Each structure stands twice: as C-alpha cells, then as structure tokens.
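*Asks:* Protein chains in written order, with the numbering used here: chain U, 1 to 294; chain D, 1 to 471.
Keep in mind that the hints are not guaranteed to be accurate.
Partial selection, computed: residues in chain D whose CB lies under 10 Å from chain U [unchecked claim]:
| hint | residue |
| --- | --- |
| 1 | Gly-143 |
| 2 | Pro-167 |
| 3 | Trp-216 |
Since the hints were made in silico from the structure, they are not lab data.
These numbers come from a predicted model, not from an experiment.
Note that CB positions come from ideal geometry on N, CA and C, so glycine has one too.
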Amino acid sequence: MSLDNLTSNWSKLRVKRPQPDQYKDAPYKWGMVIDLDACTGCNACTAACYAENNLPVVGKHRFLKGQAMHWLRIERYWGEGTESTQEFPERGAQFLPMMCQQCEAAPCEIVCPVGATHHTPDGLNSQVYNRCIGSRYCSANCPYKVRYFNWFNYPESAWPSPLEQQLNPDVTVRSKGVMEKCTFCVQRLTEAKDRARTEKRTVRDGEVLTACAQACPTSAIHFGNMADSSSAVARMWKAQQVELSADRQAKDDQREIDEQQGKTDGVLRGYRVLEQLRTYPSVVYLERIRSSEV
Amino acid sequence: MSDTFEEKEVAVELRFQPKPKDIDEDIAWAQINGDVLRSLERPRPLYWVIFFGSLALFLWGVYCEIYQYNTGLGVADLENPQVWGLYIATFIFWIGMSHSGTLLSAILHIMHADWRKPIYRFAEAMTTFSLMTAGLFVLVHLGRVWQFYYVVAYPNERWTWPNFSSPLVWDATAIGSYLTTSVIFLYFGMIPDLAICRDNATGFRRTFYRALSIGWRGTDRQWSNFRVTYLTIACLLIPLAVSVHSIVATDFAVSQQPGWHTTSFPPYFVAGALYSGCAAIITLFIILRYTFRFEQYMTIPILEKLCKLTFAISMVWTYLNFIEYAAVWYGTDEFAKQSLIYRATGDYAWWWWSMNILGSVVPFSLTLKRLRTNIPVMLVVSILLNLGMWIERFMIVTPTFAHGYYPWTWTQGWWPNWVQVGIVLGSFGWFNMLFMLFCKIFPSVSMYEVKEMVYHRRLPRKNLKPLPAEG
Chain U
1 MSLDNLTSNW
11 SKLRVKRPQP
21 DQYKDAPYKW
31 GMVIDLDACT
41 GCNACTAACY
51 AENNLPVVGK
61 HRFLKGQAMH
71 WLRIERYWGE
81 GTESTQEFPE
91 RGAQFLPMMC
101 QQCEAAPCEI
111 VCPVGATHHT
121 PDGLNSQVYN
131 RCIGSRYCSA
141 NCPYKVRYFN
151 WFNYPESAWP
161 SPLEQQLNPD
171 VTVRSKGVME
181 KCTFCVQRLT
191 EAKDRARTEK
201 RTVRDGEVLT
211 ACAQACPTSA
221 IHFGNMADSS
231 SAVARMWKAQ
241 QVELSADRQA
251 KDDQREIDEQ
261 QGKTDGVLRG
271 YRVLEQLRTY
281 PSVVYLERIR
291 SSEV
Chain D
1 MSDTFEEKEV
11 AVELRFQPKP
21 KDIDEDIAWA
31 QINGDVLRSL
41 ERPRPLYWVI
51 FFGSLALFLW
61 GVYCEIYQYN
71 TGLGVADLEN
81 PQVWGLYIAT
91 FIFWIGMSHS
101 GTLLSAILHI
111 MHADWRKPIY
121 RFAEAMTTFS
131 LMTAGLFVLV
141 HLGRVWQFYY
151 VVAYPNERWT
161 WPNFSSPLVW
171 DATAIGSYLT
181 TSVIFLYFGM
191 IPDLAICRDN
201 ATGFRRTFYR
211 ALSIGWRGTD
221 RQWSNFRVTY
231 LTIACLLIPL
241 AVSVHSIVAT
251 DFAVSQQPGW
261 HTTSFPPYFV
271 AGALYSGCAA
281 IITLFIILRY
291 TFRFEQYMTI
301 PILEKLCKLT
311 FAISMVWTYL
321 NFIEYAAVWY
331 GTDEFAKQSL
341 IYRATGDYAW
351 WWWSMNILGS
361 VVPFSLTLKR
371 LRTNIPVMLV
381 VSILLNLGMW
391 IERFMIVTPT
401 FAHGYYPWTW
411 TQGWWPNWVQ
421 VGIVLGSFGW
431 FNMLFMLFCK
441 IFPSVSMYEV
451 KEMVYHRRLP
461 RKNLKPLPAE
471 G
C-alpha cells in the first residue's frame, strides 16, 4: 500500500465481495451442495465433524443452556401446525444440516476488530485462533448463528485421559475465549493441495472430501472445487443455475414464471439460506422434491 | 445623561418580578472557600454509608469477575445466540452516562450558562469515572482479555493492524481519546481550586495539592492563559463526546441484525446518553447537596434548571425512539418488524413497556413545579429515569439475539444469571466508590467560578458606567 494509493483513491482500500469473476483464474474455490431430499437426519455428519475437528462434548447440562459446540448441526423442522395437527405427521420432520456457509460477503469478517476472521484466496472464511480476542462480534452479526465460542477451557475437561489420544493431530485444540466454526475441514484441503503441488497438478475432483461429506450415508453432502468447471459440485451449481456472486438467481425468476403459468413446483430447486441478506454463501441447498401433492 | 439612564433601568426592573437567584449574592468569598474546603474534611455520616456500601458491592463484583476469568465466560450463562448479555448493555449505559458531564462543563460553558458553575465539577468527574467503568466492561466482556491490546492500532514488528472496518476499533479509539481529553479537562479546570486547597492545607496534604496545582499563583497572565486553554479543550471535547456515542451506536447500526440495522441509531444513542446522564446528575446533585451540606451552592433554582434540561432531552429521546419504531413499522424489512413485535409482545414485553413508560411518561413529572422542587421526589424520579434508560439498553441488545434471522436459534427468553448481575452491581459500586473518593479529595464545587457568579451579581449598579465614547 503506497502513499499514492492512500491519497488518490480510497475506494481501492476497500475490498468489495464478491468481486465479479473473482475465482476465474484461481485454482480453487471450495463449495458445497446439500441435497435435502437425500438427507435422512441421521447425524452421522455431526458425529464425523466432532471426531475430525476435535470438538468438545459439553454434556447435557451445558447443551441445554445453548453452549454446545457443534460446528455442524442437524435442524429439525416440522410442518405447519402442532405435532398432532400437522399435515403429514407420518412423514416426520424435515432436516437441514447447517454449518458455516463460508459467505463470500461474510458479515462476520467486516466486524471482527482484530481481523481474526478473514477470507482466504480459495474462498474460505477462515478463523485465526491466535488472533481472536473473543469479542464475539462475529457471532452477533452472523445471520445463521453458526459460530461457536469456547465458553470454558475445554481441553482441561472434555478429554479426560486417555481420551486425549483420540484427538486429531492435524487440528488445533482451541483454548478458552476464542471463537470457532466450521472450516470446511481446512486441514484436509491443505494436505490435498500440498500433495497436488508436489505432483505438479491441481486437486482432482473427489480427491478431498470434508468429514461430513465423507460420512454421509446417502451422499446428501457434495463437496468440491468450484473453480474446476468439470467438478461435480460446479456442475450441480450450474444445473441449478445458482451463481455465486449474483443477487438474484434464475430460480427466483423461474418461480415467477411458474406462478404465472399456475405451476406450483419449479424444476430448479437450488437455493442458498437467507440469500436476500446478500451474504453470498458457498453452500447450496436443494429443496425436497416431496411436496404435499405427491 | 447618566441620571436618566439609571431611572430608565429602575423602571424596567420594577415591571418584572425578579427571578429566583441561582445563588445568594451575599455569600462572602471567604465563606465560599470555607464551605467547599469543609467538604474535604468531615462529611455527614451518610457519606460513609454510601462509600462502604459501594466498596462492598465493588468487592462482590470483583469476586464474580475473578470467578468468570478463571472458569470462562460460560459461568455467566452466555450461550450461542445470546453472546453479549448484560455486559454490552451496561457498557452502553456507562458510556451514555458520561455525556452529560461534557454537556454541563463544555457545551454550557461555551453558551455562557452561568447556572452550571456550582455543579459542573462533579458532573465532569462523573464523566471520567463512568467512562472508566465502561472501559472495564469491555475488558470483562472479552474472551481473552489478556490480549485486548490487539484492538489498539499500535505499530508492531509484524505489521499486523486491527481491522479498521470494524466499529469495535473505532470504539476503542474514540473512548480512549474521550477519556484522555476529559481527564485533562477535569484536572485543568481544577487547577485554581487546587491552589486554594494548597494555601489552606498543612502537612502531606499541602505537598499533595502543591504538586497538583503546578505553581498556580493567580497572576493575570496565568488567568488569561488558563481561560484560553480551558476554552480550547472544551471545544475539542464537544465533538469527541458526540462522536463517542455515535460510534457506540454504529456497533449496532453497522451490523445487519434485525432491530439493530437502523440509521437513526447514532442520534438516538446520543439523546439517550444525555438523558440518562442528566438524570444521574440530578441523583448525584441531591446526594452531594446533603452529604457535604452544599445547600447554598446546589440550590433549588439550579435543580429546577437541571430538571427542565432533563425534560427537554427526554422529549428528544422520546421522539427519536418513536421514529425508530415508526420507521420499522412502515418499512419493508419483515425481520425488523417481527423483531419489534417480539419486543412489544414477546418474552420481554414487561421490560419493553416499562422502559417506554419510565423513559417517556415519568419525565412529565419534571414539568410540575411542585414536584421538581421537592428533593425526595426528584431523587426517586431521577433514579427511575436511569432505570428506564438501563432497560432501554438491555432492550436494544437482548431481544435481537433472542429473535434474530434464523428461527432455529430463537430462544424462549433469556435471563442473566448471578455472575452477570453481580458484575453489573459491582460496576455501580466501583463508580460510586471512585466518585465519593473524588469528592472527598478534590473540591467538588468550583470555588473560583462560584466566586465569579457572586462577583458579577454583587457589582453595584452605580459602578456600571457606560464606556467613554471613542475619540
């Protein structure tokens, strides 16, 4: 940053996200697609996440207080009305796995006073534990509330000996007073990128998976490199006509056309959660196909 | 020529009822010195009750903080959506309280409102101590308080800077400069009085006051330099005061949460700050008046003026509060509207309605002369107003967490536990303790400015000769 830059154009100092064609020439942009139609709510992804990322099990008491540390949570939603009056009680709840959406214009990034959470070149919203001072402003500004704070010094209590032997050596054990969240299993990504670099190539599609995607029995969670247009995830985004940096998706226009034509269910079923807030998440959810008419 | 001039003036005076005087003009200067210096000696027993009560509260707060520091913030029952709790709400409260000291000492100084002179000193001390208390809340709130200096933009060998787009960095900068400036302002305005203390003290006290009065002798040159510098610092302080609470408001306005994302927050916060600060000044006015026997200086006409000022500000706050609701209600943001409805009808409905009644209805008691000249009533009313303003801050912070964008995280109300309440009470103890110590060590009524008031009033009319014509 030169003095010239400071005096001539202040807007250069401000990084606007998402930039158009930000990842055009970049080797990596990690993204995800979650098929809610395939999700059975079995919680295998959550368990895998606990094991992979050294998440502390806080116990029933603290869980009920809302101090749980699940980076990936399975949310249950029931239909309209109470359990007895809902439309199709035999179909049970609908599930939605919710983790950090790795937003391109992340609300947490601009408010962190020390820059502990920032954007990486491969499109991740990273969290630097060493830099975090625990102001919790990021969590306050997160619309999805997927950031989890270390309310206690969990390394002291969560893994009594010999349970500390189960900890993943590739992942930091977080101390008291820092914020943490889903990283898209950044330790796996780093390892895969290193391996690919040694072999002078880029990471192949399917070569690296997050723990949740790996554990999902119904393959509801798809993970991959969206900068590679031939990857499964990039093709799914394209098929659903969801664009990373667009304010308005084809699905919204399609819905209007469908409504005019009297159709109730569109062909496109990809959406991003709370997209209207312009956070530009990197996770696309596919709506459930089953509707009340089926 | 001069005779007709005097006759005219007498005739004008007779037509109007003389207004009640702020201060009895017959007080001798020596008596002013004596009365104020007596406050450094032996107060009424109530002083010690307040002081030791505050000390006990403070120690309890320290205990809670040590427990929380050692075990982790989880003992305060903070949880995933409710990550801020009482700490940030009370932080805003204390920042807000600091503003009226500046209003009295700097803004009214520039506007030549003479009635502020006997009471601005303790108001300015209130500014300093409430800012210190607010600063403590930042530390209590942080998860890793031992690394709080990461927020400060200081040059370091790794060239890591704070994130300048974050309002918390603006906060740290603004509060730091406001605190520094108001400490300098408080001390600087006190120098002539410290010299009086020095001249009347003996022993170690004399050494203490001599060091603090930095060679003040009261020469013409010193006075003229003093006036200019005092006015300059006052002018510097005013924009700082306004900016500090505007920046605290941006903590909320910059975020995109429903109920916070409002452009009217900065003026709303500043009005609320002046409001709670004025109410706090009334409370402290009454306490000081009694404990230090300042009845001759903190008079009923001054209390009345304070009450009128408080009422005016309370109406500004009511208006801004109302337009904030109206803007949300007639706006298109469904989430913000839901958030407002939740505040008014949800788990916090009692609190929300009591805030609106305490903040907007109770101040109407200040319009009745019978009530605002009644000291016990005013003590109760001023405390009620501040209670209302504290609830206002709680109502800004908490319901947004309880009822945000994401339905999965909605909670059925959330209430602070004993650790948080203990630390909040401890902060009140800490503030009162410091304030009471200040009043015991330093003259809490500005002697030299009260003398000015008396001097101007006592000038006999006959001495007021028209200036000789030029040439």
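*Asks:* Compare the structure with each hint and give your call.
*Replies:* Okay, the hints, checked on the actual structure:
The beta carbon of D/Gly-143 is positioned within 10 Å of a beta carbon in chain U (closest approach about 2 Å), and the interface hint is therefore held. Of the supplied interface hints, the one on D/Pro-167 holds, with its beta-carbon coming within about 7 Å of a beta-carbon of chain U, less than 10 Å. Hint status for D/Trp-216 relative to chain U: violated, with the closest Cβ pair at about 42 Å, above 10 Å.
Comparing the model with each earlier hint shows a violation of hint 3 alone; every other hint is respected.
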